[in-house]
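2 protein chains.
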Amino acid sequence: MGRALRSGQLHEQLLPKRIALPVFASDALSSVAYAPQEILVILSLAGVSFYAYSPWIAAAVVVVMLTVVASYRQNVHAYPSGGGDYEVATTNLGKNAGLTVASALLVDYVLTVAVSVANGVDYVGATIPIVGQHKPAVAIAIVVLLTVVNLRGIRESGVAFAVPTYAFMIGVLLLIAVGGFRLLVLGDELHAPSAGFTIRPEQTDLTAFAAAFLILRAFSTGCAALTGVEAISNGVPAFRKPKSKNAATTLLMMGLVAITMFGGIIALGLASGVKVAEPSVVARDLMRPDGTPVGPDYYQQPIISQVADAVFGGGSLPFVLISAVTALILFLAANTAFNGFPVLGSILAQDRYLPRQLHTRGDRLAFSNGIIILAAGACLLLWGFNADVSRLLNLYIVGVFVSFTLSQTGMVIHWTRHLRTERDLRLRHQMHRSRVINFFGAVMTGLVLIVVLLTKFMVGAWIVVIAMPILFLMMKGIRRHYDNVAAELEIDEDYEPAMLPARNHAIVLISKIHKPTMRALAYARATRPSSLEAVTVGVEGEEARQLQEEWERRGIPVPLKMLDSPYREITQPILDYVKTLRRRSPRDVVTVFIPEYVVGHWWEHLLHNQSALRLKARLLFKPGVMVTSVPWQLHSSDRLTGRREPPAPGAVRRPGQVKDDGIRTS
Amino acid sequence: MGRALRSGQLHEQLLPKRIALPVFASDALSSVAYAPQEILVILSLAGVSFYAYSPWIAAAVVVVMLTVVASYRQNVHAYPSGGGDYEVATTNLGKNAGLTVASALLVDYVLTVAVSVANGVDYVGATIPIVGQHKPAVAIAIVVLLTVVNLRGIRESGVAFAVPTYAFMIGVLLLIAVGGFRLLVLGDELHAPSAGFTIRPEQTDLTAFAAAFLILRAFSTGCAALTGVEAISNGVPAFRKPKSKNAATTLLMMGLVAITMFGGIIALGLASGVKVAEPSVVARDLMRPDGTPVGPDYYQQPIISQVADAVFGGGSLPFVLISAVTALILFLAANTAFNGFPVLGSILAQDRYLPRQLHTRGDRLAFSNGIIILAAGACLLLWGFNADVSRLLNLYIVGVFVSFTLSQTGMVIHWTRHLRTERDLRLRHQMHRSRVINFFGAVMTGLVLIVVLLTKFMVGAWIVVIAMPILFLMMKGIRRHYDNVAAELEIDEDYEPAMLPARNHAIVLISKIHKPTMRALAYARATRPSSLEAVTVGVEGEEARQLQEEWERRGIPVPLKMLDSPYREITQPILDYVKTLRRRSPRDVVTVFIPEYVVGHWWEHLLHNQSALRLKARLLFKPGVMVTSVPWQLHSSDRLTGRREPPAPGAVRRPGQVKDDGIRTS
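Chains A and B, in that order, give the protein sequences. Here the first sequence stands for residues 1 to 666, numbered as in full-length UniProt numbering. Here the second sequence stands for residues 1 to 666, numbered as in full-length UniProt numbering.
Honestly, the hints are just simulated from the structure, not real lab data. Using N, Cα and C, we set each Cβ at its ideal position, and we do this for glycine too. Please note: incorrect hints may appear among the correct ones.
What the hints assert, rightly or not - Here are the simulated DSSO-like cross-link-like pairs (lysine-lysine), alpha carbons at most 27 Å apart as the crow flies:
1. A:Lys476 x A:Lys512
2. B:Lys616 x A:Lys616
3. B:Lys241 x B:Lys515
4. A:Lys512 x A:Lys561
5. A:Lys512 x A:Lys616
6. A:Lys512 x B:Lys622
7. A:Lys512 x B:Lys17
8. B:Lys561 x B:Lys579
9. A:Lys616 x B:Lys241
10. B:Lys616 x A:Lys515
11. B:Lys17 x B:Lys95
12. B:Lys579 x A:Lys515
13. B:Lys616 x A:Lys95
Unchecked claim - Here are the computed distance ranges between Cβ atoms for each label pair:
14. A:Arg639 x B:His432: 18 to 24 Å
15. A:His191 x B:Ala283: 54 to 60 Å
16. B:Lys17 x A:Ala502: 57 to 63 Å
17. A:Arg433 x B:Leu613: 49 to 55 Å
18. A:Ala502 x B:Ala486: 37 to 43 Å
19. A:Ser585 x B:Lys561: 53 to 59 Å
20. A:Ala502 x B:Val159: 48 to 54 Å
21. B:Asn484 x A:Trp462: 58 to 64 Å
22. A:Pro623 x B:Arg584: 45 to 51 Å
23. B:Lys561 x A:Ile491: 19 to 25 Å
The following block holds chain A by itself, in its conformation from the complex (with noise of 0.2 Å):
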């Protein structure tokens, strides 16, 4: 933890706003880099006369978009402790509602990195073709560069994300400002490169049924533009007071400037002639200007860097920086993912949903599985689905609208509540029009996510509504288990603190006469033990033999008890020998002190104490036996004997935990 903070110190970790946007938009932000195209590629299936219907489309993603902000600022002004849409789902919707979310936003994390670090393979490989030619192979190499960095384990820092974020956003919108000014003001034609291609429809003459249906599936796969949206609600005890105030206002500046990248994109998509279809039909579908299809080795380009091209020419330097900064943003956006997942499994243990060690997110065991969890999970999608945003895209957005829904819900009760009770008017009006904003999100929300369940289940999103029920039914049963473990080792009122047992029975385990055993038999007499006994397993007749005469010369002053082992078993006959010990005297106890050897390097556990861990393992399903370790320091240990943990993940998202009141609750 390097030197771990006081409570005192927690403010001076604190982020201004001009931080905390970058620190909590890049997921957001990241999002127009595909979907303003995923909306092309959908439309294209009907050809590109249905391009017609993309502004339309646009605008609708835009009304979505500013309710759920709206929607937002409410939720981090009444919930200001950062619990997210976890907590108000939880607090008002009831446990399951909130475990429903939990899930929802676990399967979103583990998509958030298969999708951004899959279209961010497509920006790289607008400008580097080998890696466009083998995307899956690349996007693997970035999950497993991405979970090494985050097992080693990186101290974020606001400014690590301030550079790429605040770089993409002056890319886009400078791209937008140019481009609108050369197409507005001077008058000039902008051409993509697939300007005068055309698109060989999958579907042709729908029904005005399967034209609206393919209609509402475009929008549907737009509103991935407001994924990451909820960040800030999950960070405001990272913002500096006032907290509420300082996030929503982050919240609104962030809204504003997604919506005029996402509109300004696809604007700019349109008019310079952009064509994209769909990946997996791109070949055979899409025709060069002379009428052929473009064939199995065309490269399709992403949105961005297609507009990119079409303003600053392809090639150019402000191309080329505008494609790596893209694929940044979307790499960066991955690696929230992999700082978000432990911090909510934090949050999912402190209720006993999840494993209790995940709780102390100091735990790197804990974390590194649930990092190997989750890379994994992205991985076999970014294998399964080749790597196609696209196609990724069909399971990303139930998620994200699950818990949209649940959340504006749960906040429309949380006003109502709170109106039944609060006299102030102001503070009345104030909720009233709280409510009245987050009912609109929740109807809005609820209706998007109806939409996407019918307009994606086919095509991948019954893999997420499957995916759900398994984790939340998992989650039900662990905090099953720990609440009937609970329950067994509850104690009464009456419990008699004072219980002793009657005398303790200490053995020390010896195999030889070396400097572990006689430091475990100095130890052992310092206990003061009722009875003291050194037991050893006659396992060899001859070095038995010796070992006894040697005990002898040295005048060892502890009685030496050999017990017999014909076929060379250690924990046997050890087990055996304290069995009989406790039947002689069952209000006894039993100590055992196993010498250890603490060694230095992983395969050195290979050579030593393998008999002492397995006798131990067996030891402790002896009621009435203790087992203590007496530890012996090979020099080869004294190289790890400083070693510290490595940082926190989320430190800077969720700084400790802090109220508004600055005193620490949890």
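Guided by the hints, dock chain B onto chain A, whose structure is given.
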């Protein structure tokens, strides 16, 4: 272990010759299933005309086998302890020679599994066509099956060996008898299924040198018939008295049976016109009577099946039975390696060349690791060589002859040394005779080793030549590590055993007040430490307050110390506190009592004790600190309470370490 046997009971378990023969001979006898065929396969590279050399090659193999059998009869008398080639080489030629033998044997066990299973599948394929079409997959499946069976633990029994081995011996000897009778007495003509076929030579117009090289290669492949001959010399302790004499007799019987089978099969194969080509070229080079290649759909039946077809008719009951028992004995030979591998591991571990816990054969975990390594190596070979016996044999014989040669050389030195002191003329005469036999054996096997290396290095033996030194160096490294540690731990003669720590400060870790905590407190008090404190880490402000309250309300007679932890980290605050205690009084010892849950399902480990385990691992690095686990058995642990170990591997062939005088010695 079931009920552990006492030394006195051991005699009941010893094997009469009629059971010892099948127990130790399955490996050696099973090699006649492939050795005769592979001589013909190699010769066929120069065309069918070269088959004329095969009787001479077979005769040479028989001479080598007789020599080896005669030599090992000397080993059995000189080394009745069952250490085998490793013991002989170590005792007479030094540690490095012994370790070379050990490396060779370890590699050979892997190859025994691969070759036997691959050939067994060939024989299954003779009657079940679909198996022949998916040989590598079926072979790997069988290795997996053997692995699972051996991981679960099977009690080896003499009868389980006797039935298939005798069935195989009777089947093949009957086949040879009936075939010989029909051929010589009735004057029938025998026709193998491939009798009318011809083979297009891969190598034509051979120079005299190339022809000699090919013949030598066929000879060295034929020497595969010798694998497993040494098995009896490892198993002398399992024989009834007089052990050495019985073992020597059994060895001779086995040699004679093997030679009869080997010679008979190759003779009947030639007489019935069997044509076999290398599996990789069979489709192209093997020609039907009409001069067309047999093509990829042809299934080349192995030699015993072809001979059975010629003698009894294809598809007849005897044909099916003989193919089946041949497959069975081959799988039995593979299973032998699963038992021999841990036995060798146990001997090497005793000499500290492998991790110590392998020494205890009762250690299932170490044993399981050995089995998994063996199976993984065999599967890799089966997959890499497409379960092709001809190619696998290129790797097989190097290790066998390395150990033969070193063992026989060691025996020559053994007799020379004994002759230096022996005065009894009769014994001296016997020793001279033995020395001549072993000298002859050493020269012969050494020559074969050179031939094998020369003819097979390029086609695969190089893999073994690389693998053996790697194993050698690994074992040397392990031994050096153990020696270094032993030196580090050694105590001087003037070591003062009464050096007691001054006082014992005990701390009990408390997370909440429940039964495990109260038991840990009671036990800690029972050890009557100099000072006793309960320590808790104040992870949650509110919970910490409640804990303090409950502590006081219950009147627990131990002071409760709260450690602060702003980052919810548990390990570091406790480590720091222990460090403070140690610094305050360095001559005292600190005992940390940790309540631990004992659980009954593997997955419960994920939910409990993780923090405790982490803390324990870290505390062990602190000098002067003892860690005591106070177990609390959860109800779920009941199911494992009475658990006992499955039988030890290789229990039949090494039924305990019994010397001729009946005294257990090692």
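Evaluation of the provided hints:
Between the alpha carbons of Lys476 of chain A and Lys512 of chain A the distance comes to roughly 50 Å, so the proposed pair goes past 27 Å and is violated. The straight-line distance between the Cα atoms of Lys616 of chain B and Lys616 of chain A is roughly 13 Å, inside the 27 Å bound, and the hint therefore holds. Under the criterion of a C-alpha separation no larger than 27 Å, the hint pairing Lys241 of chain B with Lys515 of chain B is inconsistent with the structure, at around 59 Å. Of the pairs offered as hints, the one joining Lys512 of chain A and Lys561 of chain A holds, with about 13 Å between alpha carbons and a cut-off of 27 Å not exceeded.
For the proposed pair Lys512 of chain A and Lys616 of chain A, the alpha carbon gap of about 19 Å is at most 27 Å, so the pair holds. Between Lys512 of chain A and Lys622 of chain B the CA atoms are separated by roughly 23 Å; this keeps the pair inside 27 Å, and the hint holds. With a C-alpha separation of about 40 Å, the suggested pairing of Lys512 of chain A with Lys17 of chain B is violated against the 27 Å cut-off. For the suggested pair Lys561 of chain B and Lys579 of chain B, the alpha carbons sit about 15 Å apart, so the restraint of at most 27 Å is met.
In summary, the hint linking Lys616 of chain A to Lys241 of chain B is not supported, as the alpha carbons are separated by about 41 Å, beyond the 27 Å threshold. Between Lys616 of chain B and Lys515 of chain A the alpha-carbon distance is near 21 Å, which keeps this suggested pair within the 27 Å criterion. Between Lys17 of chain B and Lys95 of chain B the alpha-carbon distance is near 33 Å, which puts this suggested pair outside the 27 Å criterion. Proposed proximity of Lys579 of chain B and Lys515 of chain A is supported: the alpha carbons are some 23 Å apart, at most 27 Å.
The straight-line distance between the Cα atoms of Lys616 of chain B and Lys95 of chain A is roughly 35 Å, outside the 27 Å bound, and the hint therefore fails. For the pair Arg639 of chain A and His432 of chain B, the supplied restraint of 18 to 24 Å is violated, since their beta-carbon distance comes to about 59 Å. Checking the proposed 54 to 60 Å range against His191 of chain A and Ala283 of chain B shows it holds: the Cβ atoms sit about 58 Å from each other. Between Lys17 of chain B and Ala502 of chain A the C-beta distance comes to about 59 Å, which sits within the given range of 57 to 63 Å.
Take Arg433 of chain A and Leu613 of chain B: their Cβ atoms lie about 52 Å apart, and the range 49 to 55 Å holds. For the pair Ala502 of chain A and Ala486 of chain B, the supplied restraint of 37 to 43 Å holds, since their beta-carbon distance comes to about 40 Å. The supplied range of 53 to 59 Å is broken by Ser585 of chain A and Lys561 of chain B, whose beta-carbon atoms lie about 33 Å from each other. Restraint check, Ala502 of chain A to Val159 of chain B: a C-beta distance of roughly 52 Å satisfies the suggested window 48 to 54 Å.
A hinted range of 58 to 64 Å holds for the C-beta pair Asn484 of chain B and Trp462 of chain A, which are about 60 Å apart. In this structure the hint that Pro623 of chain A and Arg584 of chain B lie 45 to 51 Å apart at CB is violated, the actual value being about 36 Å. In this structure, Lys561 of chain B and Ile491 of chain A meet the distance hint of 19 to 25 Å, their C-beta atoms being roughly 21 Å apart.
In terms of the numbered hints stated before, the structure departs from hints 1, 3, 7, 9, 11, 13, 14, 19 and 22, listed from lowest to highest.
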